[in-house]
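Listed below, chain by chain, are the residues.
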Amino acid sequence: MAFVDSIGRSTIDGLAYVGQLARLTARATRDIFVTPAQGRGLRYRRAVHQAMSVGVESLPILSLITFFIGVILALQSAYELRRFGALDLVATAVAISLTRELGPLMTAIVVIGRSGSAFAAEIGTMKVSEELDALETMALDPVRFLVAPKLVAMLLMMPCLTTWADFMGISGGALFGVTSAGFTVSSYFHATLNALLIRDIVSGLIKSVMFGLVITTVGCQEGFLTGLGSEQVGRSTTTAVVKSIFLVIVVDFVFTALFYVMGPA
Amino acid sequence: MANLDRESAQGAVGISVKDLRVRYGEREILHGITFDVQPGETLVILGGSGSGKSTLLRTLVGLERVASGEVWIAGKNLATISERELDDLRKMIGMSFQGGALFGSMSVGENVSLPLREHSPLDESTIEIVVRLKLEQVGLSGYEDYMPAQLSGGMKKRAAVARALAMDPQILFFDEPSAGLDPIIAAGIDDLILKLKKAFKMTIVVVTHELASAFLIADRMLLIDRGVVVASGTKEEMQASKLPRVRQFFDRVPEPELKDEMSYLQILIGEEPTERR
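Sequence lines, in order, name chains A and B.
Sequential numbering of the first sequence, starting at 725, is according to our numbering.
Sequential numbering of the second sequence, starting at 5, is according to our numbering.
Simulated from the structure, these hints should not be mistaken for laboratory data.
Careful, some of the hints might be misleading.
Unchecked claim - Which chain B residues face chain A? A few, computed with CB under 8 Å, are given here:
| id | residue |
| --- | --- |
| 1 | Phe101 |
| 2 | Gly103 |
| 3 | Leu118 |
| 4 | Glu122 |
Said to hold, decoys possible - Subject to a maximum C-alpha distance of 20 Å in a straight line, what follows is the list of computed EDC-like cross-link-like pairs (lysine to aspartate or glutamate):
| id | chain 1 | residue 1 | chain 2 | residue 2 |
| --- | --- | --- | --- | --- |
| 5 | B | Lys246 | B | Glu259 |
| 6 | B | Lys201 | B | Glu140 |
| 7 | B | Lys80 | A | Glu781 |
| 8 | B | Lys22 | B | Glu68 |
| 9 | B | Lys205 | B | Asp40 |
| 10 | B | Lys199 | B | Glu45 |
| 11 | B | Lys201 | B | Glu214 |
| 12 | B | Lys95 | A | Glu781 |
| 13 | B | Lys22 | B | Glu45 |
| 14 | B | Lys95 | A | Glu955 |
| 15 | B | Lys95 | A | Asp857 |
| 16 | B | Lys201 | B | Glu45 |
What the hints assert, rightly or not - From the derived model, a few chain A residues whose C-beta atoms are all more than 10 Å from chain B:
| id | residue |
| --- | --- |
| 17 | Ser730 |
| 18 | Val742 |
| 19 | Gly743 |
| 20 | Arg747 |
| 21 | Val772 |
| 22 | Met776 |
| 23 | Pro784 |
| 24 | Thr816 |
| 25 | Ser821 |
| 26 | Leu920 |
| 27 | Leu921 |
| 28 | Val965 |
| 29 | Val978 |
Even for Gly, the Cβ is constructed at its ideal location relative to N, Cα and C.
Let's have the full structure, built from the sequences with the hints guiding it.
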């Protein structure tokens with residue numbers, strides 16, 4: 725009975741948490757689109773600053789990781805494909821799995837590690853040092869002030885980063901294709917373009933936007949939930965990373981299933 | 005409520021608290037607190053750790069919810085106030101937090117100018133002048149471009165006071181202004197509070213456990229212990245008080261080991277705790 729109890733309780737807790745995220749999303753979205761029209765501007769400078777740190781500064785590590793993922797993907801698919809003498813399908817395999825799945829996912833993982841955790845740490849530190857209270861006593865809404873610029877930056881940067889990740893991954897695949905599968909650089913990219921449909925790329929970009937939403941809200945929410953004491957900041961940073969990864973996978977599953985159902989028969 | 009709307013000539017406003025109760029979840033922290041702060045008066049709220057004095061201050065600035073009772077500031081009851089009214093009220097109060105609570109990602113100047121940028125129609129050059137003025141008032145001229153991390157503890161507090169002063173508040177709240185500072189710097193902060201009191205005649209509420217600083221800056225004092233008001237009055241009245249709890253606090257007598265609830269209640273009403281087996 726206790727087992728059933730605990731399942732019930734964690735289900736309720738989980739749903740409540742998702743509810744909190746939804747509320748935070750709703751408030752931040754209002755602060756991005758509605759509040760500026762009422763004369764309380766979005767902090768654009770802060771948003772640009774966040775976009776730099778979420779986007780531009782993560783390019784080197786993201787490039788490196790997705791390039792290797794591209795090579796690995798090519799190697800793994802070639803292992804199976806060459807048994808059927810279909811090594812020329814490597815470009816297709818790499819292109820589709822990257823744009824539909826691994827590009828957005830790897831981007832999300834990198835951004836969680838770099839930015840989701842940083843959001844939780846930043847807001848958590850502000851909570852511990854009473855800066856959140858200070859905002860409130862100055863009649864400044866922490867959501868408008870802190871979450872909205874991060875969300876804008878994230879929603880703009882995630883599709884850009886994902887596009888770049890797709891490109892770097894395909895380049896990784898090309899390295900294998902050119903050195904071991906008889907492609908030239910131009911024939912590899914040509915094969916890739918032939919294999920890809922706009923739908924593949926767009927579905928990946930839609931996912932990346934949803935991932936960005938999850939990463940921002942979880943990171944910020946964990947920051948807001950930080951308890952008193954500086955060791956709590958470390959705890960909420962870890963929790964933010966773990967919960968973000970889990971929720972990104974859940975969202976990935978939901979959207980992949982959705983695209984599968986909506987896709988052509 | 006009689007004295008609530010009576011605002012002083014300088015525009016300072018008073019505070020009236022009636023039977024205030026505040027809870028954290030199931031646990032009640034403040035058990036029915038009642039007191040008034042007259043416009044232009046400096047009230048020092050004294051109490052030991054865990055007495056509820058910080059919770060009381062947080063409630064006065066709207067950071068904790070009023071569970072029951074009334075808190076009247078400028079004709080508004082915090083127990084029933086709307087979000088929008090609370091925001092308006094907050095624009096007329098300033099709060100200096102224990103550690104300063106300056107925003108680490110902004111320079112001192114940006115910290116001070118933030119409320120002005122967000123809430124006032126002033127243009128950039130005017131804001132710059134106001135910031136310079138506020139920093140001058142707290143003795144930090146020329147520190148506009150420093151980051152909070154580059155400041156010492158005392159300077160951080162001064163900068164926080166400058167930020168609290170930015171909107172020309174009518175009530176100024178201080179949470180432990182001298183905590184964590186050496187005696188000389190702490191005296192400097194006391195001095196600053198006295199200066200502000202004299203110059204602006206604003207209502208000031210200070211929470212502290214530092215007796216020396218309390219006696220220096222207070223017009224009146226309020227001693228709270230375990231969520232109830234033990235005593236209140238002017239400096240002289242408090243000094244002369246015979247209440248055992250007051251004497252214990254002022255004479256710095258360590259807490260006797262309490263055997264049970266009953267002996268604690270006896271101490272509160274001034275009896276010797278009876279030994280019970």
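Holds or violated: are the alpha carbons of Lys95 (chain B) and Glu781 (chain A) at most 20 Å from each other?
Violated. Lys95 (chain B) to Glu781 (chain A) sits at ~38 Å, over the 20 Å cutoff.
For Lys201 (chain B) and Glu214 (chain B), compute the direct alpha-carbon distance and say whether it is at most 20 Å.
Roughly 19 Å separates the two Cα atoms, so the pair holds.
Does the claim that Arg747 (chain A) lies outside the interface with chain B hold up, using a Cβ gap greater than 10 Å?
holds, 15 Å
Checking hints one by one. Is Glu122 (chain B) an interface residue toward chain A, by the C-beta closer than 8 Å rule?
holds, 6 Å
Just to be careful: measuring from the Cβ of Leu118 (chain B) to every Cβ in chain A, is the smallest value less than 8 Å?
holds, 7 Å
Given Gly103 (chain B) as an interface hint, is its Cβ closer than 8 Å to any Cβ of chain A?
With a closest approach of 6 Å, the Gly103 (chain B) hint holds.
Quick one, are Lys80 (chain B) and Glu781 (chain A) close enough, alpha carbons at most 20 Å?
violated, 48 Å
With a cut-off of 20 Å on the C-alpha distance, tell me whether Lys205 (chain B) and Asp40 (chain B) pass.
Answer holds: Lys205 (chain B) to Asp40 (chain B) is near 17 Å, not above 20 Å.
Taking 10 Å as the cut and beta carbons as the points, is Leu920 (chain A) off the interface with chain B?
At roughly 41 Å from the nearest Cβ of chain B, Leu920 (chain A) sits farther out than 10 Å, so the non-interface label holds.
Gly743 (chain A) and chain B, when compared Cβ to Cβ, separated by more than 10 Å:
holds, 19 Å
Would you assess whether Val978 (chain A), listed as outside the interface, keeps its beta-carbon beyond 10 Å of every beta-carbon in chain B?
Label holds. Min Cβ-Cβ 34 Å, cutoff 10 Å.
Just double-check Met776 (chain A) for me: nearest Cβ-Cβ distance to chain B has to come out over 10 Å.
holds, 13 Å
Comparing the model with each numbered hint stated earlier shows that hints 7, 12 and 14 do not hold.
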